[in-house]
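> If you read the protein sequences in the order shown, they are chains A and B.
The numbering used here applies: residue 9 is where the first sequence begins, and numbers increase by one.
The numbering used here applies: residue 38 is where the second sequence begins, and numbers increase by one.
The calculated SDA-like cross-link candidates involving lysine to any residue, where the alpha carbons are at most 20 Å apart (straight line), are: (1) 307/A with 223/B; (2) 41/A with 205/B; (3) 41/A with 202/B; (4) 110/A with 293/B; (5) 140/A with 154/A; (6) 225/B with 322/A; (7) 110/A with 402/B; (8) 106/A with 396/B; (9) 110/A with 292/B; (10) 307/A with 225/B; (11) 400/B with 107/A; (12) 106/A with 400/B; (13) 110/A with 204/B.
Computed, partial: chain B to chain A, Cβ under 10 Å: (14) 205; (15) 208; (16) 391.
Hints in this document: simulated from the structure, not taken from any laboratory.
Note that the structure is a prediction, hence the values are computed from the model and not measured.
Where is the CB? At the ideal position from N, CA and C, for every residue including glycine.
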Amino acid sequence: MAELLQIMVAVVAVGSLYALIALGYTMVYGILKFINFAHSDVFVLGAWVSLVLSVMIISALKLAPGSSPPLWIAPLVLIAAMVVCGLVGFAIERLAYKPLRKAPRLNVLITAIGVSLLLQNVGQLTGFAVAKDDDGKTIATVPFGPSPKRMPSLLPETAAPDPNLAKPLVLIQPVDVFIFVSAIVLMVGLQYLVFRTKFGAAMRAVSFNTETAALMGIRVDRVISVTFVTGAMLAAAAGFMYALKYPGLNQTAHETWVLLGLKAFVAAVVGGIGNVRGAVLGGFLIAFIEFMGMYCFSKYLDPVLHTNMGTNLRDVYVFAMLIFVLLVRPAGILGSQLKEKV
Amino acid sequence: MSGELQQLVPTMMPSAARALLKGVALPVASALVLGLVMQFVVGPAIGAYPASVALQVGISVMLAVSLNIVNGYTGQFSIGHAGFFAVGAYVGAGISYYAALSGIDPASGQQPSQALSNGAWLVWNDGQNFLFSYGEWRMILASIVGGCVAAGLGYIVGLPSLRLRGDYLAIVTLGFGEITRVLLTQTKPQIFDRDELAATHAKDWVIPPMGGATGFSDIPAYASLMWVWFFVAVMIFFAYRVKQSSTGRALLSIREDEIAARSMGVNITKYKVRAFVLAAGLAGLAGSLYAHTGQVIRPQEAGFQRSFEVIIFVVLGGMGSISGVVLAAIILSILPEALRDLSEYRLIVYALLLILMMIVRPKGLFGVREIWEFWPFTRAKKSEKKVITP
Numbered sequence: 009m010a011e012l013l014q015i016m017v018a019v020v021a022v023g024s025l026y027a028l029i030a031l032g033y034t035m036v037y038g039i040l041k042f043i044n045f046a047h048s049d050v051f052v053l054g055a056w057v058s059l060v061l062s063v064m065i066i067s068a069l070k071l072a073p074g075s076s077p078p079l080w081i082a083p084l085v086l087i088a089a090m091v092v093c094g095l096v097g098f099a100i101e102r103l104a105y106k107p108l109r110k111a112p113r114l115n116v117l118i119t120a121i122g123v124s125l126l127l128q129n130v131g132q133l134t135g136f137a138v139a140k141d142d143d144g145k146t147i148a149t150v151p152f153g154p155s156p157k158r159m160p161s162l163l164p165e166t167a168a169p170d171p172n173l174a175k176p177l178v179l180i181q182p183v184d185v186f187i188f189v190s191a192i193v194l195m196v197g198l199q200y201l202v203f204r205t206k207f208g209a210a211m212r213a214v215s216f217n218t219e220t221a222a223l224m225g226i227r228v229d230r231v232i233s234v235t236f237v238t239g240a241m242l243a244a245a246a247g248f249m250y251a252l253k254y255p256g257l258n259q260t261a262h263e264t265w266v267l268l269g270l271k272a273f274v275a276a277v278v279g280g281i282g283n284v285r286g287a288v289l290g291g292f293l294i295a296f297i298e299f300m301g302m303y304c305f306s307k308y309l310d311p312v313l314h315t316n317m318g319t320n321l322r323d324v325y326v327f328a329m330l331i332f333v334l335l336v337r338p339a340g341i342l343g344s345q346l347k348e349k350v
Numbered sequence: 038m039s040g041e042l043q044q045l046v047p048t049m050m051p052s053a054a055r056a057l058l059k060g061v062a063l064p065v066a067s068a069l070v071l072g073l074v075m076q077f078v079v080g081p082a083i084g085a086y087p088a089s090v091a092l093q094v095g096i097s098v099m100l101a102v103s104l105n106i107v108n109g110y111t112g113q114f115s116i117g118h119a120g121f122f123a124v125g126a127y128v129g130a131g132i133s134y135y136a137a138l139s140g141i142d143p144a145s146g147q148q149p150s151q152a153l154s155n156g157a158w159l160v161w162n163d164g165q166n167f168l169f170s171y172g173e174w175r176m177i178l179a180s181i182v183g184g185c186v187a188a189g190l191g192y193i194v195g196l197p198s199l200r201l202r203g204d205y206l207a208i209v210t211l212g213f214g215e216i217t218r219v220l221l222t223q224t225k226p227q228i229f230d231r232d233e234l235a236a237t238h239a240k241d242w243v244i245p246p247m248g249g250a251t252g253f254s255d256i257p258a259y260a261s262l263m264w265v266w267f268f269v270a271v272m273i274f275f276a277y278r279v280k281q282s283s284t285g286r287a288l289l290s291i292r293e294d295e296i297a298a299r300s301m302g303v304n305i306t307k308y309k310v311r312a313f314v315l316a317a318g319l320a321g322l323a324g325s326l327y328a329h330t331g332q333v334i335r336p337q338e339a340g341f342q343r344s345f346e347v348i349i350f351v352v353l354g355g356m357g358s359i360s361g362v363v364l365a366a367i368i369l370s371i372l373p374e375a376l377r378d379l380s381e382y383r384l385i386v387y388a389l390l391l392i393l394m395m396i397v398r399p400k401g402l403f404g405v406r407e408i409w410e411f412w413p414f415t416r417a418k419k420s421e422k423k424v425i426t427p
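Just need the whole structure built from these sequences, with the hints factored in.
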């Protein structure tokens, strides 16, 4: 029971991450009807930008050794990363996607793959140092360089439970609380933007029918740009939270990033792509399936390598779930099946 | 009965013989000539490293031609093509490697890398080997089996998922590719010892010993330039004939307008599955040949990066244009090698070229037309062409 509760904590934290990334996928798909494969790279950029910023801020503060960094850094870095990624998202949309507004969707998809490759490989260039530690060793560079780096911890950690006391039922780290709370704030904010404001109405109109929306006087290009920027900012937030939860960051072209982005994309599809609430639902559902699969199969060991079978197959549960959902309900759980007119 | 036959045979034979000559013998002969030229003229002329690049270029061309049947002719968007490639590679490699290791054939003691480098593989008939060395015949058999397994898998994957359209089909195929990749990492470690292999039971092969995440190595490297380019030519010819056939026309009509095609009596599901199975089989064949080029094959072969690579070939070449796709595959596989001097900037340049290309030539290098349709004298006669070229 305690074990299951502990898993639920992880599901909520990781599910929030998936949901935040999935929102970007789903918003862009809803409006432009193409899969933005560069979205997961914006997420990676968010993680790395937050790493560089936190390292810079912490080294500028010159904290006494052993003292934990002040709490205000986390929100500051979060907002800064969101701004940086929002700008990058804007640039990507204007430079790469806008010239292709009338082109077939497949071309836009190839362009998205191109942008993704570009971001990955620019991020991997050996950069110049922006922060050094006490021994004069470089600890942060821009671009981020080919080696993995470690994100400093910005939030206090729960001390290991005292063995003399009764064992706590579940252990909730401040990181998990921070992730969940900020994800909920962002999602509610997005919900408000899309369903309660005039601009949100314009977004929904463009998603429904671009030409008609343009005829009604909606500035389609502006709506598309804002959608991209919003999606990129949410991805940056997810990147920051990911870096907090899993501090060892891989190089930008590492495949773990792409897989993570793919899973978030699966979440968007499972929830019903183009549907904002569906993306959130899908994010939590995918995390649930992934962690429950790992839990259920964790008793089985790989017969030869003696590694945990449950963890080895974690991607399989997600993609099997995807195929199952698409075969049973092709438009996703909350998606609406569009009737095709001849 | 026999009288009928006797009547039929003389009238049939000449045309059948001619068809056989035109349809099989000539293409195979010209493919052999291409293979021999690549092996004995181009290979030695360009040197060892460029020759190894030429091998990989050939594999890329095969993949591009095979995916072109699904993405190009039929307009269905599959991004799990590397899954079939990897399945073919693992099946072919498994057959070749374990057959050689178990010593059930005379080629097992031979060092394939040597055989490849000195060109001694072309033996006529020394009692054991006929025309080509035993290992090469085995490689061809293994490749055909690999292709068939991949095609069967294509049928299993295609039948339910081709109900879906557009992006959803793309996502399912992506999921298939990723599942293949993860399952391949779960295979058992490779067996290197002959006695150990002899001691295995049938139940040890339920999860085959294909090396898991570390990859499958030491596969006999019989896929020389000749074989790769022979199969490239055969595959191009095959794809061209498919395009010209009634099946090809049905596929093209599905691409142009699915609903119109259905109303004209084209069985959409049947033809989509047929295209999918064909493409999967050819990709499996290409995969098996790739496994025999002296590479260590890894589960990552099934990953989406490779699928994307092939999609880029098809889209840049022009959807459905065989010559365009072949040219795009050749150029884009050589490009990263040509940009090697730029070292860490080469993939950045590649990505920029890709983005730029999509903006400048959105329909691909040649659009949906074949290269020769651009020649001035054929352009004048365009109205007479029978093939659907919108």
